[in-house]
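Residue numbers (the numbering used here), protein chains in the order written: chain P, 14 to 388; chain X, 489 to 1124; chain D, 126 to 284.
No lab work stands behind these hints: they were computed from the structure.
Hints are supplied without guarantee of correctness; some may be wrong.
[As the list claims (entries may be wrong)] List of simulated lysine to aspartate or glutamate pairs, DMTMM-like, C-alpha gap at most 25 Å:
1) X:K938 / X:E1008
2) D:K225 / X:D966
3) D:K141 / X:D773
4) X:K1099 / D:E269
5) X:K748 / X:E670
6) P:K71 / X:E1011
7) D:K133 / X:E1008
8) X:K794 / D:E161
9) X:K1014 / P:E216
10) X:K814 / D:E154
11) P:K67 / X:E1011
12) D:K141 / X:E670
13) X:K814 / D:E216
14) X:K794 / D:D255
15) P:K201 / D:D257
16) P:K194 / D:E166
17) D:K141 / X:E791
18) X:K1099 / D:E216
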Amino acid sequence: MINNISLTINGLDVKAPEGATILEAAQTAGIYIPTLCYCPGLTSEATCRICLVKIEKKKKLHPACRTPVEEGMAVTTDDAEIERVRRVTLELILSDHDFNCLLCPKSGTCRLQELVNRIGFDERRLNRLNRVAKDLPVDTSNPFFDFNPNKCIHCGICVRTCREIVGVNAIDMGYRGYELKVSTFGDKPLKESVCVSCGECVERCPVAALIPKKMEYPTREVKTTCAYCGVGCGLYMGVRGKNIVKARGDCENPVNQGELCVRGRFGYKFIHSPDRLSSPLVRAYDPLERIAHGIDETSRPGKPLAAPLVKREGKFVEVNWDQAIKYVASTLLHYKGDQFAAISSAKCTNEENYLFQKFVRTVMGTNNIDHCARL
Amino acid sequence: MTATDAKVALRRIKSFEDLERFKETIIAQEGPDATYVTICGVPGCGVSGSHKIYEAFVAEMKAQEEEKNIIVKRTGCQGFCEKGPIVTIRPQDIFYHSVTAGDVPEIVEKTLLNNEIVDRLLYEDPQTGKRHAHVKEVPFYEKQVKVVLRNCGKIDPANIGDYIKVDGYRAAATVLTQWRPEEVIDCIKESGLRGRGGAGFPTGLKWESSRNAPGEEKYIICNGDEGDPGAFMDRSVMEGDPHSVLEGMIIAGYAVGARKGIIYVRAEYPLAVRHLSTAIAQATDLGLLGRNIMGSDFDFEIEIVKGAGAFVCGESTALVMSIEGKRGFPKPLPRPNTSIVGLWGMPTVLNNVETFACVPAIILQGAAWFSGIGTEKSKGTKVFALSGNVKNTGLVEVPMGTTLREIIFDIGGGIRGDRKFKAVQTGGPSGGCIPESLLDLPVDYESLAKVGSIMGSGGMLVMDESTCMVNMARYFLDFAQNESCGQCTLCKLGTKQMFEILQDITRGEGRPDDIEILLELAEAVKAGSICGLGQTVPNPVISTIRYFREEYEEHIHEKRCRALVCRSLISYRINEYKCKACMLCLKACPVDAIIGAKWQVHEIDQSKCIKCGACMEVCPPKFSAVECVSGLTTGD
Amino acid sequence: MPETRLKKILSVFEGKRGGLVSILQRVQEEFGYLPEDALAEIADFLRLPASEVFSVATFYAHFYLTRRGDHLVRVCQGTACYVRGARDILETAQHRLGIKTGQTTKDYKYSLERVACVGSCAMAPVAMIDDDVHAKMTPLKMNELLAKNKEKGSEGGLP
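So here's chain P without its partners, still in its complex pose (with noise of 0.2 Å):
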C-alpha cells in the first residue's frame, strides 16, 4: 500500500495509505488514541465515544477508528474539550462498571484499567456518578466460560466478533437504552443458545464480563500446532510451571489467523488428566472367547503376550510400544485386500496419514481408506 495521503495529526505530518482511518495512521506515527470499542479485523461502530478527536473545519467530534484519512485533513487528538469529553465519558463507564479490580482476574490486562491510567478522572465527579452498581446474574452455564454482566461495557465486540468473525450470531445487543444487554435469542443461558464455545469473544473481551472459568496467567509461551484436528491452526501454549493454562491463536499463522476453536482455545485440560494414556493397551479376551471369535490361539505370533492378557470381560491391558505393534502386525498378516479397511485419524500429522494410506494400499492392497475429518 502506498502512503499517499497527507495530513497532520497535532501538527505532525502523517502520511496514510487511502481508505485507512485516522486511527491507523495515528498508532503508525506513534500518536496514541485511546479506543475501547474498537478491535482490528472488526467493523468500527464507534459507539464507546473514547476515541473521539477534532478535525480542522468540520463542526463535531469524530471517531477516529471509523473517520478515513483526508488530505490535508489536520487532525486534533488531544485538548481541553476532547480531553472533558473523554473523561465524562470514561466516568460513566466506571460508574456502570462493577470495578473491584483487586478481585478482578482481568486485572492487569483490563483495557478499561489501561484507559483509566492514561486518561485519568475527575474524583469528585465519579464519586457523585457511583451509585448502587446494577446486579444481574452471572451466565455461568457455559463450561468454559463466564457472562458477567455486571461488568460488561457494552462495546459490541462480541456481538460484532460472533456475527462477523465466527458467523454463528449466537448473542446480539437486546433490549434498548440503560436496560441495553448482549443477549441470546431469548435471554437464555449461552449454554441453551446456538453458542458454539469457540471463545472468539471472550478472547477479545476487553474487560472481564466475558471471562474464561479458571484463569491463569502463563509465565511463557510455547508457539505449536493444534493437534486436534488436521486444519493445523497454529497456536500458543501458555505455560505457568508444568502447566498449560492457556491457548491462544496464533495471528501470523495463515491458517486459522489467529482464530481457534473450543477444542483447540479450550479443549487442553486433557495434557495433565490423570486418566489420559501413556501407554498402549490391548483388549485382552478369555481363550474361549478367542475361540469363539475365530482368533486361532497357536498361530498368534505374539505368543508371548497371551498369558497375561488373559482376562474375562474384554478389559484393557497396559503393555508395551513393542508389544502393542507386535499384536497388530500379526493380526493384521490374517487379512488381505478387501477384507481390510482402515480408518485413520485427524490427530495424526499429514506425513503420517500419507504413510498410513501408502501402507493400506501398497502392504493390505485396498482402497478401502477413510479418514475422520471431524473430531
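We have chain P already, so just place chains X and D on it with the hints.
Just chains X and D now, with coordinates in the frame of chain P:
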C-alpha cells in the same frame, strides 16, 4: 361514503384538463349555494363528543326536510382544541365552540335555516368580554397565517373530492405536465423552504443532492414519527389533510426521480394511519398514484409503514434502519447523507409531514409568495402545538419570526388562571426552556438556537409559576433516558446519570456541586453522542440551569421548591389561627395524619402525611387554613 | 393451530425486503404478543439470526414477549399531560389495578402502560383504554372508568 365519492370513483384522471373537469363537477354537484357545516372530528374533539354532534346534525337535517342545500362534514383539527368540539358554518364563517349534541337543533333552526346567530355558543373574549361571531374575529385565529393547515378543518379528509375542490392535486398536475424536475427543485430552493422536522435543512438542496446522486431506485420518505411529547401538528395534518402530504410526496418524487414513497407513521396515531390509507386508496383509484400519473410517464406509489415505538426512529438513519427491519440504531459519523445513501443504500429524500404539506402551496402560489412570508433566513410559516398552562391550547400556524409573546399571549390568550408566566419550552425533549425575559424573541431557527433551544417539530409548552423547572428538567431527562437507544456510552449513561442527579435534587438530596456536574455531563453528552437525540437531549438541563439557576440552588441548598411541586420538599400545615376545627380535612385525609377533634384545632402529623394535598382541597376557601410550604423545617 | 396462523401471516411477506418490523407487528396483532416459537420461525423465514430477531423485538417499545391483558390501559405521560397532573392519573391506575406500569393483572384482564404522547395534548391529561381516548382526566375519572370498564367489558368511544 358520500354521494360525490361514489360518482367520482368511476373516472380516472388522465390529464390536467381531467382534473379541472373533475373539480367543476364536484362544485356543480354540491351546488353554488351550499352551506357547509364543518365539525372537528379528530380524537381531541372526538373525546368531547364530536361524533354525536355529527349524528345529531344529520338526524336534524333529515327531520327538518328543508330544501336548503346544507352539507355536513366531519373535518380534521380546526386548531382551537381548548374550546372543542368546534362547529364552523361556511361560507358565513360562523364559529361555534364547546358545542354539544343538545345544541344542534338550535343551530339548525336558527343559524342554518334563519341566518340567526346562537349567541351563547360564540367565543367570548375574556379580556374585552366581546363575543365574536366569525372565525377571523376570534383572537386565536386573527394572527394566524395558514399555509400548512390551509385545508385542515375545512375539508373532509376522507373525501378526495373535497381536496380536489380546493385545488388539490393541481400543483402535482402542473408540475407533471408542464415542469421539468430541475424547475421544481429550483422553485423549492427559491422559496427558502427548510425542513420542518427540527434541524431546518434547506429542502431544495436536499432534493437536489438526491436527484444528482447515482442510484437505480430512489425513495421519498415522509417522516410522520412525531415523537416529541407535546407535539401534534403532524398528526393533525395527516388526519385532517392527508392528500396534501401525498401531493407533496408526488412532487418530490417527480423532482428527484423516485418512484416509491413511504410514510412512516407512529402507531399511536391510528386515525392518521386510517386517513392516509383511505387517501392513498382514493388517489390510486383516480390515477393520481400509480402508473403514468396524469398522462405523464411518471410512476409513483406510496406505502405506509407503522412505527413500533421508538422515539429515536425520528432520526433519519434510525428511521431508515427501522424501515429496513432493523433496530433503530442511528449511524455514527462519518456517514453519507441519507439523501445520497439512504434506504437500501439508495438516495432517499426524508422530509417531515409539514414540509411535504407546504410543497403544493409553494408550487401553486409561487416561490416568491412563500419566501415573502417569514424572516430573512426562515421562510414561510410554522405550525406550533400550543399546550401546557396556556388558556387557548391548540394548533397555531404563524409566519416565521412571530414573537413568542404574540403566540402565547395574543393567540394563546395568556396564562391559565391568570397566573404568572414562567417559561416556554420549544422543541420537546431536544429543546430548551425560554424565560420571560426572552418573550420578544422572534421564532425562527437561528434565534431559538441562539438562546439554547431549537425549533424542533413545533411543540410549544407554556409553563406558569406552578411549574418547577428542576422537575421539568427531570421529566425531560426521564423521557430521554427511556428513549435513548443505548448504543453509545454518552447518551445511554449520560442521560441516566443526569436523570438520577435531577431526581436527587427534586428529592432534596442534591449536593452542592451538582449543578456543575450536571453542566459538565450535559456538555459532554452534547458534544460526544452519536446522533441528534444525544446531542440535543441535554438542552432542557442546560437551558433550565442557564435561566433558572436560582431554582436549582433553592432545591439544593434550602431544600425548597418554590413551585410547591417536588413532594419531598413540601409540607402541608394547618394554620392554627385560621383553623375552625371543622373536621373536613380530618375526614378527607386518606392516612389519618390529621390530629384534632371538634372544637380542637387540627394539626398534621408530618410523619404520617403523604402530601396528597387532600386536606388543602377540602378546606373551605373562606378559612384557607391549610397551607403548603416548602423550605422550612419540614419534620417534627 | 397457531402454526398455520403464523404461516398465513408470513406468506404475505414472501419475497418482500426488510419486513421484520412489519411482520412482528402483524404477528403481535394476531397473538397479542410475540411468542418465542413465533420469533424463531420468523427468523427462519427471513433467514436472520434468531438473536437478531430477538434484539429487534426487544428494542421497540410496542413489542411484548409475554401474554398481555385483554384490555390495554395507557396513561399518557407526555409533556402537556405531565404538567397537568398525568403522574397522579398513572398512580391511580396502578393503585386501582394493583399492578405497576408495564405489568399485567393476574387474571389477564388488564395491562398498564405509560405512553410518551398520544397527540391529544390540548385535551391533557389523557388516558386510553384500548383504542378509546379519554380526555381531561382526573384521578376520580380514572377510577370510575376502570370500574365501569370492569362491569361492561368495554367502553364506548370514538366511531
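Quick rundown of the hints versus the structure:
1. X:K938 / X:E1008: At roughly 20 Å apart (the allowed maximum being 25 Å), E1008 of chain X and K938 of chain X satisfy the hint.
2. D:K225 / X:D966: Measuring from Cα to Cα gives roughly 17 Å; hence the hint holds.
3. D:K141 / X:D773: The given pair, whose Cα atoms are some 24 Å apart, holds under the 25 Å limit.
4. X:K1099 / D:E269: Distance of about 23 Å is within 25 Å: holds.
5. X:K748 / X:E670: Cα-Cα ~19 Å, so holds.
6. P:K71 / X:E1011: With a Cα-Cα distance of about 18 Å, the restraint between K71 of chain P and E1011 of chain X holds, given a limit of 25 Å.
7. D:K133 / X:E1008: Given pair K133 of chain D, E1008 of chain X is violated - Cα atoms ~54 Å apart, limit 25 Å.
8. X:K794 / D:E161: holds, 22 Å
9. X:K1014 / P:E216: Violated: K1014 of chain X and E216 of chain P sit about 34 Å apart, past 25 Å.
10. X:K814 / D:E154: holds, 19 Å
11. P:K67 / X:E1011: Holds, at roughly 16 Å.
12. D:K141 / X:E670: Distance ~33 Å between K141 of chain D and E670 of chain X Cα, so the pair is violated.
13. X:K814 / D:E216: violated, 34 Å
14. X:K794 / D:D255: holds, 18 Å
15. P:K201 / D:D257: violated, 37 Å
16. P:K194 / D:E166: Between K194 of chain P and E166 of chain D the Cα gap is close to 23 Å, so the pair holds against 25 Å.
17. D:K141 / X:E791: holds, 13 Å
18. X:K1099 / D:E216: Since the Cα atoms of K1099 of chain X and E216 of chain D sit roughly 14 Å apart, the hinted pair holds (cutoff 25 Å).
Hint violations for this structure: numbers 7, 9, 12, 13, 15, all remaining hints satisfied.
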